[in-house]
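Visitor: Let's have the full structure, built from the sequences with the hints guiding it.
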Amino acid sequence: MGTVRQLATEIERGLREAHPQLRKTVVTKVALAVRARLEAQTPNTMELAHRLPLPTERQDLREPWLRRLLKNPWRSSAEWLEPWARQALAGQHGQPVVLSRDPTDWGDRFAILMVSLGVGDRA
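In the numbering used here, the protein residues as written are 1 to 123.
Do not rely on the hints blindly, as some may be mistaken.
Unchecked claim - Between beta-carbon pairs, the in silico distance windows are:
(1) A90 x Q59: 41 to 51 angstroms
(2) H93 x L70: 31 to 41 angstroms
(3) K24 x P96: 35 to 45 angstroms
(4) R68 x A90: 26 to 36 angstroms
(5) K24 x V98: 28 to 38 angstroms
(6) T104 x E82: 38 to 48 angstroms
(7) T3 x W84: 15 to 25 angstroms
(8) G14 x L70: 11 to 21 angstroms
Said to hold, decoys possible - In silico EDC-like links for lysine to aspartate or glutamate, alpha-carbon gap of 20 angstroms or less:
(9) K24 x E79
(10) K71 x D102
(11) K29 x E12
(12) K29 x D105
(13) K29 x E17
(14) K24 x E82
(15) K71 x D108
(16) K29 x E47
(17) K29 x E63
(18) K29 x E10
(19) K29 x E57
(20) K24 x E12
(21) K29 x D60
(22) K24 x E10
(23) K71 x D60
For the record, the hints were derived by calculation from the structure and aren't laboratory data. Even glycine gets a Cβ: it sits at the ideal position worked out from N, Cα and C.
Guide: Right under this line is the structure:
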């Protein structure tokens, strides 16, 4: 099994543990999208759609599938990440916690906000 596939399997397992109330299909779809993003190393939806391991006869149906997934309002990023943030903060026993933000604008239509959490000696 390749490294990206192993990582996607771990992402899916972690999502199921963190969000047991979510439908299995939602967790699987998000894990597939994350896997494609890791493999492609680009935010380009056409490239991501090309790398999605979906059983479909028509390649052109993959991009609409990905766009529907990304537009779905079932969860915000904060809700997805909350269980891991709580776990990281709960286990620190008074150690300093550093929160870093790195906003990046890509023109008028796109922006990315990378947030990292540094706890103890780890960042």
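Visitor: Against each hint, give a clear statement of whether it holds in the structure.
Guide: Cross-check of the supplied hints:
At about 45 angstroms, the CB distance of A90 to Q59 agrees with the hint of 41 to 51 angstroms. With their beta carbons about 38 angstroms apart, H93 and L70 fall inside the hinted range of 31 to 41 angstroms. Between K24 and P96 the C-beta distance comes to about 38 angstroms, which sits within the given range of 35 to 45 angstroms. Under the hint 26 to 36 angstroms, the C-beta atoms of R68 and A90, about 35 angstroms apart, fit the expected range.
At about 36 angstroms, the beta-carbon gap between K24 and V98 stays in the expected band of 28 to 38 angstroms. The beta-carbon spacing between T104 and E82, approximately 23 angstroms, falls outside the hinted interval of 38 to 48 angstroms. Distance hint check: the CB atoms of T3 and W84 are about 21 angstroms apart, consistent with the given range 15 to 25 angstroms. Checked against the given bound of 11 to 21 angstroms, the beta carbons of G14 and L70, roughly 20 angstroms apart, stay inside it.
Proximity of K24 to E79 is assessed by CA-CA distance (about 17 angstroms); at most 20 angstroms being required, the pair is judged to hold. Proposed proximity of K71 and D102 is contradicted: the alpha carbons are some 23 angstroms apart, above 20 angstroms. Simply put, K29 and E12 have alpha-carbon atoms about 9 angstroms apart, close enough for the 20 angstroms limit, and the pair holds. Distance restraint check for K29 and D105: the Cα-Cα separation of roughly 27 angstroms exceeds the 20 angstroms cut-off, and the hinted pair is therefore not satisfied.
Restraint check for K29 and E17: the C-alpha separation of about 16 angstroms stays at or below 20 angstroms, so the hint holds. Restraint check: the Cα-Cα separation between K24 and E82 comes to about 19 angstroms, which is no more than 20 angstroms; the hinted pair holds. Under the criterion of a C-alpha separation no larger than 20 angstroms, the hint pairing K71 with D108 is consistent with the structure, at around 19 angstroms. The suggested pairing of K29 with E47 holds, with an alpha-carbon distance near 17 angstroms, which does not exceed 20 angstroms.
For the hint linking K29 to E63, the alpha-carbon distance of about 13 angstroms falls within 20 angstroms, and the restraint holds. As the CA atoms of K29 and E10 are separated by approximately 14 angstroms, the hinted pair is consistent with the 20 angstroms bound. Proximity of K29 to E57 is assessed by CA-CA distance (about 18 angstroms); at most 20 angstroms being required, the pair is judged to hold. Among the hinted pairs, K24 with E12 is consistent with the structure: their alpha-carbon atoms are about 9 angstroms apart, no more than 20 angstroms.
With a C-alpha separation of about 18 angstroms, the suggested pair K29 and D60 falls inside the 20 angstroms cut-off, and the hint holds. Proximity of K24 to E10 is assessed by CA-CA distance (about 14 angstroms); at most 20 angstroms being required, the pair is judged to hold. Proximity of K71 to D60 is assessed by CA-CA distance (about 18 angstroms); at most 20 angstroms being required, the pair is judged to hold.
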